[in-house]
Structure formats: C-alpha cells, structure tokens
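Peer 1: Listed below, chain by chain, are the residues.
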Amino acid sequence: MAPAASENDMRHINFWSWLWIIIGAIYFFVPLIATLLFSLQAKRDELGFTAYSNVLSSPAFFNSFSFSFWTAVTTISISALLIVPTAYWVHLRLPRLRPVIDFITLLPFVVPAVVLVFGLIRTYNRTPLTDSRQGLYVLLVGSYVMLSIPYMYRAIDTGLRAIDVRALTEAAQSLGADWFTIMTRVIFPNVYIALLSGAFITFAIVMGEFTIAFLLAQPAFGPYISLLSSSKVYEPSALAIISFGLTWASIGVVQWISHSFSGQSQITGPR
Amino acid sequence: MAFLEINDVHKIYGQTVVVDTFNLQIEQGEFVSFLGPSGCGKTTTLRMVAGFIVPTSGSIVINAVDVTRMPPNRRNVGMVFQSYALFPNMTVAANVGFGLKVAGQPARAIKQRVAEMLEIIHMTEYATRYPYQLSGGQQQRVALARALAIQPQVLLLDEPLSALDAKIRISLRQEIRTIQRQLNITTIYVTHDQEEALSLSDRIVVMNQGRIEQIGTPFAIYNRPRTRFVASFVGTLNVLTAEVVDAATGRIMIDGQEIHVNGILPDHPDPSLAIALRPEVISLNGVYGQTANHMQGTVEDVTFLGPVVRTRVRFDQHTIHLDSFNTPQLVPPRNGDSVTVSFPPEACLVLSDTPGAEV
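Residue numbers (this note's numbering), protein chains in the order written: chain A, 53 to 323; chain B, 12 to 370.
Please keep in mind that the hints were generated in silico from the structure rather than gathered at the bench. Beta carbons: idealized from backbone N, C-alpha and C, even for Gly. Warning: the hint list may mix true and false statements.
Only part of the chain A face toward chain B is listed, based on derived beta-carbon distances under 10 Å [stated by the list, open to error]:
{"#": "1", "residue": "Ala214"}
{"#": "2", "residue": "Thr221"}
{"#": "3", "residue": "Glu222"}
{"#": "4", "residue": "Ser226"}
{"#": "5", "residue": "Gly228"}
{"#": "6", "residue": "Asp230"}
DEER-style ranges, computed between Cβ atoms [what the hints assert, rightly or not]:
{"#": "7", "chain 1": "A", "residue 1": "Thr210", "chain 2": "B", "residue 2": "Pro82", "range": "26 to 36 Å"}
{"#": "8", "chain 1": "A", "residue 1": "Arg218", "chain 2": "B", "residue 2": "Pro48", "range": "14 to 24 Å"}
{"#": "9", "chain 1": "A", "residue 1": "Thr210", "chain 2": "B", "residue 2": "Thr135", "range": "28 to 38 Å"}
Facing chain A, according to a computed beta carbon distance under 10 Å, are these residues of chain B, among others [said to hold, decoys possible]:
{"#": "10", "residue": "Phe63"}
{"#": "11", "residue": "Arg85"}
{"#": "12", "residue": "Gly89"}
{"#": "13", "residue": "Met90"}
{"#": "14", "residue": "Phe109"}
{"#": "15", "residue": "Lys112"}
{"#": "16", "residue": "Pro163"}
Between the sequences and the hints, there should be enough to build the whole structure, so can you do that?
Peer 2: Below is the structure:
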C-alpha cells in the first residue's frame, strides 16, 4: 500500500509543478512572442525584418548604442576599482561594519532616479560639472556608479564570502606580498566571476537606463528607445527584441566564462 | 643572543589581557611548540611573531633584528595555516612559486626551486593541479612547501593538522619534522594536541590564560610538570590533595594513609598540597618493594584499553587510575576487590600553582 500511495503523491506533485512551470512560461513568453511577431509586420501582409533593418541602419542607433556601451564599460571599471577594495577591506578589517555597509548599498533602491539626478544637479549647480557636456557626462557616470552599487557590492561580497579572505591575505603577506600584489594577484582573480556577474547586471542597467540620461540630456540608448517609440510603430518593438537579445547574450557570456573558470573558483580548505 | 627572542611581550585588547609577560628564546634550528587550550594566547603570540598583530608592549627579535613593528611582508617568516590558505586561482606550482615571484626572482630560479620543494613533499606530479583537486593532506603539504620555498628565517605553523583525519595527521606530522630537520629551520608550532607537541618538539611552551605555565623538553613537561595545570593538561594524571605531616622528611597524609615524597616540601603555612601521580607509575599489589609507598583501596572499575588495562581504585575521598600493561600473565582485579597500590616516592610530583617555571 505504501509504495502506491507514495507514487500517487509524486504524480500529484509533478502535475502541480508542471502546471506552474507552464503558467510561468506563458506569462514570460507570450508578450515576447507578441512583440516579436509585431516587430516582423512592418510590411503589410508579410513577415520580415524591415523594422530591424531600419533600426540597425540608423546612425542614431549606433551612436546611442556605442555611447551607452562605453558609458557602461566606464561605469563597470570605476565600480570595480571602488567596490572591490572597499568590500575587501570591510571583510578583512571592518566586519562589524558589514550591516551598515549593506544598508548603504541598498540606498540606490530606495532613492528614485529622478530624486538622485535632481539632487546631483542642485548640489553641483554652477560648477564645471553642470556647465559643460563633459561635466554632465561625469555626473552621468557618477550616477550610474551609484546605481550599480547594490548589484556590484552584493556580487563581490558573495564572492568574498566564498573565500577565506583573511587567511589568503595573511598567507600572501607572509610570502612577501604588498597590498597591491594581494589585490591584483590574490583578491581580484578570486572574485573575478562574482565581479563579472555584477558587471553584466550593471551593463544591462546602463544600456536601458532612461531617466538619468534623459534629465542630463545625454545621447544614450534609453532616451533613443523612448524617442523612437514616440515617432515609429514597429521599430520600437524591434529595438525591444534587440535589447532583450543583448541582455541575454550578456548573461550567456557570464555563464560561459563562469563555466570556463568553474574549477578555479571552487572553494578549497579543510574538508 | 638567541636566534629568535620574544621579550616581555604583552597583548591587551581593551580590559582583556590576551598574552601576559611572554618571554622565550629560541635557538637556530629549534622546534618549539606552543601548547595550551583554546583561548590561552598561543595563536595570538604566533601571530605577533608573524607580524599580523602588534604587541601592546615588549619586543620580538629575529636574527638580531627587532621586528616588533615590521610589517609581515618584510619579516621573511613563512606561515602555514590551519585552513591551508592556498590561492584557489593558482596551480600547485604557482602557489609554491608565489613568494619567489613576489620577490622578483627570475623564472628559471623559480621553476627550479618549485621543483625542489615539490620533490621534498613528494608531489612533483601534482604541479599543474589546482588546490580543489587535492585532498586536505596534500593541500597542507603544498602550503608547507609554499612557506618553505622562500627560505624563511622562521617557520610558523598554526594548528596545521587539526583539520585532517587521525591517520594523515600522524604521517604528516612525521613528514613536517623530517623536513624541518632536513632544512634545519627554526620552527614554532601551535597546537592544542599534546601528542603532537610531545612527538614533534625540541621544547614545549605550555600556556594557560595568556601566561606561560612551563617551558621544557617533552620529557620534562611530561615527567616533571611544575604546575597543577601542566600536570592535568599533558597526559593523564591523578591529582591528590595531601596534608603535610613533616615537611623536612617529605611525609604526607592522603585519606588517612601516610606516604612520603622525595626531598623537602615547601615550607608553607597551608598544610595541604597537591600531589600528582601518572597512572603508569602505580603498581597493583606491589612490585616496588618495601621502600615504596603503599596504599590500601577498593577497585571501583576495570577498563580494557587494548595494550593497557586501566583500573580505578577508591581510597576514602580520592580515586586514582592506574595502568597495567596487558600481558598474558596479567590477572585483572574485579570490582570490589581490596587491593594495595604502590608507587615510588620519586614518582610523586608536588605541584605548584605558580606558572612560569622553566624545567
């Protein structure tokens, strides 16, 4: 009797599991498929890539895309240089401050982008930062660095928790390494995968960000999508699919790199 | 002047004295163990020698250079950690060669030294493996090779075997001692395992509550413990409270039975004192003859431990354990038997409560 009852239970569980997976998949894929189909209907009674070729042949697309791409790269570089040493130092010397730092890193979630950008503009008003295009770009990157903190810090913090920071630091020190060597040869390589995952989330955010770029009058990809939406019909859908593809490609790259380095990132030590 | 000197070192955190008046001189090539329970200050002292902690006061001198405030990366002190601390992103060879690369040595010299070190730890074929591909024992051997590759002035080992299983622990500790003798490197070994300390060390520093209880050879620490703590921490020991009958002739009374100890007892207003007896020096039904001490008691328990049989004998207030070698002729007593235990006067250790003595 017991095995039969257990088999029935399993079937019951399987049914509900599949049901929720199917509902989730419908919720996720139907809008995507609808957007894709809509983007393919630029020519009457014919499915084709006209909207895509219109988007990809537009110089404004490339200009805004490359602007946001390089802004994202700059943001990631600054964030990494700022956050990896900070998170490392908190782990090594200030573990008691971890809850405080955790709270601070959550602030970008609490403060809306509009408030952030107006705060920055008011604070730096009548300084070179608001008087020139370069200055506004600095403000843009600074804002993005702030927006990236929750993702970057948490990813790096998780990476640092996976290794014995103190023992590795002391081992390196006892072997003659200075702080720079420890950071570049011991810490960075061991949080590399965690850093990458934070970096690609930051990349995706910067590529699609609208509010800050628009209010700082920057020619970024987000405002371009918005502009296109107000003037075209099928092209914004095509652009949404392209953005979606780029985001997934980024995540795919993270997965691929993580897999390539999976052996090295395994935790060692007593077992 | 000794090769390594720790002079009047204190470490105080707030109101807590973690290390109190630590003085030790270690000669070149000597193997010294810091032995004590958790929280006794042994690791803190080791970390002060390594440079990871700065003493509150006192000085540390290595090879005639005061290193008390020198950063750890300039001390040329190799360290092996309990958690191995191998760099996960580097191969075994890269781990071993890390210190040499940091020192800016040419690639050829690094390669040669790494090969030498891997040969010493018998892991030549593991050079291209990553730490996660090694067992715990192998990882610790690599950590040892890495610490030794830089030819440090002093090798520090912080409970390096405590995360390993018993069998590997024994084989690796012998390997550590062999390599240490082979390279004649001055070594400090921190452990809470008395067997490790006794089997490895030239000298042992027994610590308790931040203070040195006793410094001595393993033989002296085991056979002539100076304090009640050392006696109870190292080996199994019967500690009996005795009343002094005559201090000049060494006559004392335990549970109404008079015995005598060798030498003159300390002249102290308090007539009671602690006497320690190792289980293996006590004999059942007398092999020591008339000049030995004899006490009457009742067998409370007999435990078979393989090579020895441990018997618990009760007097009036005290119980003692005694060990008999398990020979075919041995007839173990039974619970409730009345027995006479005997032991020579020189086997009675008079314990002091004042730490700090060197034997």
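Peer 1: Next step is simple, just say for each hint if it's right about the structure.
Peer 2: Hint by hint, here is what the structure shows:
no.: 1; hint: Ala214; verdict: 9 Å, holds
no.: 2; hint: Thr221; verdict: 9 Å, holds
no.: 3; hint: Glu222; verdict: 6 Å, holds
no.: 4; hint: Ser226; verdict: 4 Å, holds
no.: 5; hint: Gly228; verdict: 5 Å, holds
no.: 6; hint: Asp230; verdict: 6 Å, holds
no.: 7; hint: Thr210(A) x Pro82(B): 26 to 36 Å; verdict: 30 Å, holds
no.: 8; hint: Arg218(A) x Pro48(B): 14 to 24 Å; verdict: 23 Å, holds
no.: 9; hint: Thr210(A) x Thr135(B): 28 to 38 Å; verdict: 36 Å, holds
no.: 10; hint: Phe63; verdict: 6 Å, holds
no.: 11; hint: Arg85; verdict: 8 Å, holds
no.: 12; hint: Gly89; verdict: 6 Å, holds
no.: 13; hint: Met90; verdict: 4 Å, holds
no.: 14; hint: Phe109; verdict: 5 Å, holds
no.: 15; hint: Lys112; verdict: 9 Å, holds
no.: 16; hint: Pro163; verdict: 8 Å, holds
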